[in-house]
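Novice: My request is simple: use the sequences and hints to build the entire structure.
2 protein chains.
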Amino acid sequence: MDNYREMWEKLNIDLERHDQLCKAIPQMYESIFVSQKDRPKGMNYFSFVVLEIHGLRIKELEEARKNGRKVIGTFCVFVPDEIIVALDAISIGLCAGSQFWIESGERALPKNLCPLIKAFTGALIDRTCPYFMSCDLLIGETTCDGKKKAWEVINKYKPVYVMDLPQMKRKKDFNMWREEINQLIEKLEELTGNKLTVDKLKKAIDLCNRKRRALKRLYDLRKMKPSPISGLDSLLISQIAFYDDPERFIENVNKLCDELDERVKTGKKSDKKRIMITGTPMALPNWKMHDIIEKLNAEVVVEETCTGTRYFENEVCEDGETIDDLVKNLADRYLKVNCACFTPNEGRIDDILRYAKEYNVDGVIDYGLSFCHTYAIEDSSIQKALKENNIPVMRVETDYSTEDSGQIKTRIEAFLEMI
Amino acid sequence: MDNYREMWEKLNIDLERHDQLCKAIPQMYESIFVSQKDRPKGMNYFSFVVLEIHGLRIKELEEARKNGRKVIGTFCVFVPDEIIVALDAISIGLCAGSQFWIESGERALPKNLCPLIKAFTGALIDRTCPYFMSCDLLIGETTCDGKKKAWEVINKYKPVYVMDLPQMKRKKDFNMWREEINQLIEKLEELTGNKLTVDKLKKAIDLCNRKRRALKRLYDLRKMKPSPISGLDSLLISQIAFYDDPERFIENVNKLCDELDERVKTGKKSDKKRIMITGTPMALPNWKMHDIIEKLNAEVVVEETCTGTRYFENEVCEDGETIDDLVKNLADRYLKVNCACFTPNEGRIDDILRYAKEYNVDGVIDYGLSFCHTYAIEDSSIQKALKENNIPVMRVETDYSTEDSGQIKTRIEAFLEMI
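So the protein sequences, as listed, match chains A and B. Residue numbers for the first sequence follow the numbering used here, beginning at 1 and rising by one. Residue numbers for the second sequence follow the numbering used here, beginning at 1001 and rising by one.
Keep in mind that the hints were calculated from the coordinates and are not lab data.
The calculated DSSO-like cross-link candidates involving lysine-lysine, where the alpha carbons are at most 27 Å apart (straight line), are:
#, chain 1, residue 1, chain 2, residue 2
1, A, Lys409, B, Lys1111
2, A, Lys203, A, Lys216
3, A, Lys187, B, Lys1169
4, B, Lys1172, A, Lys187
5, B, Lys1158, A, Lys169
6, A, Lys169, B, Lys1336
7, B, Lys1171, A, Lys328
8, B, Lys1158, A, Lys171
9, A, Lys158, B, Lys1384
10, A, Lys158, A, Lys111
11, B, Lys1187, B, Lys1158
12, A, Lys336, B, Lys1172
13, A, Lys172, B, Lys1158
14, B, Lys1037, B, Lys1265
15, B, Lys1187, A, Lys171
16, A, Lys384, A, Lys223
Every value quoted in this text rests on a predicted model; they were computed, and no experiment measured them.
Specialist: Set out below in structure tokens:
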């Protein structure tokens, strides 16, 4: 990656600290991913992307910026990519999944806060993530107390525009969310100097829907017994979805799916236990749970998380003759996401029960990032619903450190023996 | 309290557990409050109220219910009492401050959650708080993730109506809050069978404003050097404000203030350090911090908390000829409260700096209930602002247990020596 040093320097990266990070990721990737047996060839593209994470993609962003395009950092599946894309800007998901950034994050935020928030805050103030440095604007949202208040800290380093997500799903909340999307349009028109048109927005909706469809195709293949792809590889693809070029990403997911279609035809029987993960997101490079589970006699076949089904389920309706029509379609689609930030959020239980059937799940792990109140409180109703349906479930609450990995492994082993 | 057992039994109280609680409170009250030297005579009323907490007041509520009035439980200074009062219902603040309920709360909620939420949840499911049992409806709000999701748990035991508080203070958020108040009116009209009128609402606004004015009068007296009343006694009065009969409460606060006016004239010099507490609320019987501080050579002279200034600052404008006008006034007043649930929330810093001057404060303690994200994240900007103004500040994060009391005492001693 030596040819990128000049670019990083220009981006004001802390090169020394960044070198440490750049050294750690490939080692980690090697031991977790490359050691998998019989990986699909189509994963080569995604391997390349993750190993070039701070190189080639950043170069693309910087070149786009030279040509006048804007780069927008986001942190949540509720921020409508369609608006960003339609205004010819580039959307980059900035949620962070490495322990590397926690220490710096804890200098600006309380220790007993979700590691995802501490990590992205640490990455920004540490100047060790070129995506942050490349962003012209960050878009935050009010999905949880931690994020909502972290924007105030982050805003001291980079401009943050905050969208106020409703807390319920009544009729007026849909209207309120439409208003928020309209305000975002105004903000981004101003930033990009471009004007939103029906045609541009329709094209952007089509692009984002095609991306959702490609991921849905991948996930549908995981419903097969055995799944033609590991949970680890699927998770990696979901994580890459947040920052890769959308057209190229779609092409490569579909190419991989063609290969997986063939695998399904020749799939041998497997006695691996099929696991659903439900709960909080797993941002790159948080592979901890999948790594533990898939090193045992089990495979993760579906993630009911923001780096899983919540990201791609439900397409945006493409019918409509005005921007208002399309914004309504966007609001309708985005508020279908069953995040624990809503009260009530019974749709999530329906989703989990449906996936348990569709994906032939043997057991569910309710995964929570430490100190995430909303998902932690939902745990009891999730467990109750699953038990009533005779689906085994266990709760794992953890952060990015590896200190508890042994203990988690032991607990999951016991769980797998029981199911 | 033996003459109340029949009433408690009818309310389905767990009598055995409740006996333990009824035994503990007077002992605690005795050792913390009664041991204070030279207490104002006017405190006798409040002593009586707190010692009759599960007796006489509950009897009043039950008698009111027999006469067809409704009792409404609330948990937050954002729920507009004026609407409840105007519809001839009785508003009771249900936030709970005792370690007694934590264990039960932790059976229904995650352990790493704010003790206030765990305590009121525990009190409800334990059936050891007659206020919960006496309530016809609970009104929750979306001020924090913990509460927002706890309503879902609590709703299984008692009907909860949730008001969606905006997360920001833009123009449209004021409109949104007006809508929420209008929806509350509809809900409570239905529950009470009463119809809101301009006249009734004006009278209720007047009553609540007079209550605010009485508390403001008390707090203004605390600005004197030395304060004619202890922080402990003032806190107790603020806590009682949430559940006592408003007219009687106003009368007794004013009577006490008359006495304090006299005391001010004869006040001797004092070398006690004057402390402001800022942060999270202290629900009854959470007297931990004040007890620790005032057993040292210091006095708490102001609380920038929900059981302090946030409860009574800013009156509701009484001008207006329609319900709409008055609801607008309500929304305007309530959204003036500078709670950490808003982003941004810079008004809180202004408040704290202003109080530091007005109350002649020597130092500030930023008090946080454990796991309260919003206040914990604001701590860094509060500390920065205070330090820039040369006002000493320390952070204390704690729960309801007494385990850390010794350690907190040592830290505060060191802080007092330094300032």
